[in-house]
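K.L.:
Start from the sequences and build out the full structure, keeping to the hints where you can.
Top line first, the protein sequences correspond to chains A and B. For the first sequence, my numbering gives the first residue as 1, with consecutive numbering after it. For the second sequence, my numbering gives the first residue as 1001, with consecutive numbering after it.
Hints are all accurate, no fakes.
EDC-like, lysine to aspartate or glutamate: derived pairs with alpha carbons at most 20 Å apart:
| no. | chain 1 | residue 1 | chain 2 | residue 2 |
| --- | --- | --- | --- | --- |
| 1 | B | K1013 | B | D1085 |
| 2 | A | K100 | B | E1051 |
| 3 | A | K42 | A | D84 |
| 4 | A | K71 | A | D55 |
| 5 | A | K100 | B | D1062 |
| 6 | A | K42 | A | E108 |
| 7 | A | K100 | B | D1030 |
| 8 | A | K100 | B | E1075 |
| 9 | A | K100 | B | E1053 |
| 10 | A | K68 | A | D31 |
| 11 | A | K112 | A | D17 |
| 12 | A | K71 | A | D49 |
| 13 | A | K100 | B | E1054 |
| 14 | B | K1026 | B | D1106 |
| 15 | A | K100 | A | D49 |
| 16 | B | K1026 | B | E1052 |
| 17 | A | K100 | B | E1052 |
| 18 | B | K1013 | B | D1062 |
| 19 | B | K1026 | B | E1075 |
| 20 | A | K100 | B | D1106 |
| 21 | A | K42 | B | D1106 |
| 22 | B | K1026 | B | E1053 |
| 23 | A | K68 | A | D49 |
| 24 | A | K100 | A | D31 |
| 25 | A | K71 | A | D31 |
| 26 | A | K56 | A | D31 |
| 27 | A | K112 | A | D84 |
For the record, the hints were derived by calculation from the structure and aren't laboratory data.
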Amino acid sequence: GESVGLHLPTLSVQEGDNSIINCAYSNSASDYFIWYKQESGKGPQFIIDIRSNMDKRQGQRVTVLLNKTVKHLSLQIAATQPGDSAVYFCAELSYNQGGKLIFGQGTELSVKP
Amino acid sequence: DAGVTQSPTHLIKTRGQQVTLRCSPKSGHDTVSWYQQALGQGPQFIFQYYEEEERQRGNFPDRFSGHQFPNYSSELNVNALLLGDSALYLCASRTRRSNQPQHFGDGTRLSIL
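P.N.:
This is the structure we're talking about:
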């Protein structure tokens, strides 16, 4: 079936370093991709999104890269801060399948001071 | 402007019982989706409601049912609870005609004894 997976279940970085979280997706027909951040005891929080007709999108300290050739998505966090510590999920959506988001397992990011 | 609100925050039930979880969407949103998130996993889509009807359903048994009210709020009902139903249940909302991402509540933590 359809699935979105992550290469690394855990990532530990030093405060101030850049972080890169990767994601592989299997549905080449997906139109839209989202990165969510989930802190302990909270629901997923939107970080950044990208549509399938783009290959890069930048936000504040975050950048998402989409490589449709190899069905790969990445989230880059610049100057990682302790407040960035959380579990990060990528999710995909196909517009012809309505609003159903397909999530990956998640990567836990731990930022060392 | 209140975001997505869910109640209760925590719930403990025993096997065989029934449970009802509630969700109020973000102001202005008309579409509600429910997700189940097992510990250490990404959220799994249960179903989506729009205009008081179930529009899309994931791979969940009929024990999982829902309802949407005229004010767009929604309920998730689970009958004949099993130990495996223990999870965080998340509600997400969006405006159907918008391509904006779904907003999530902080979920209801359901524990089955």
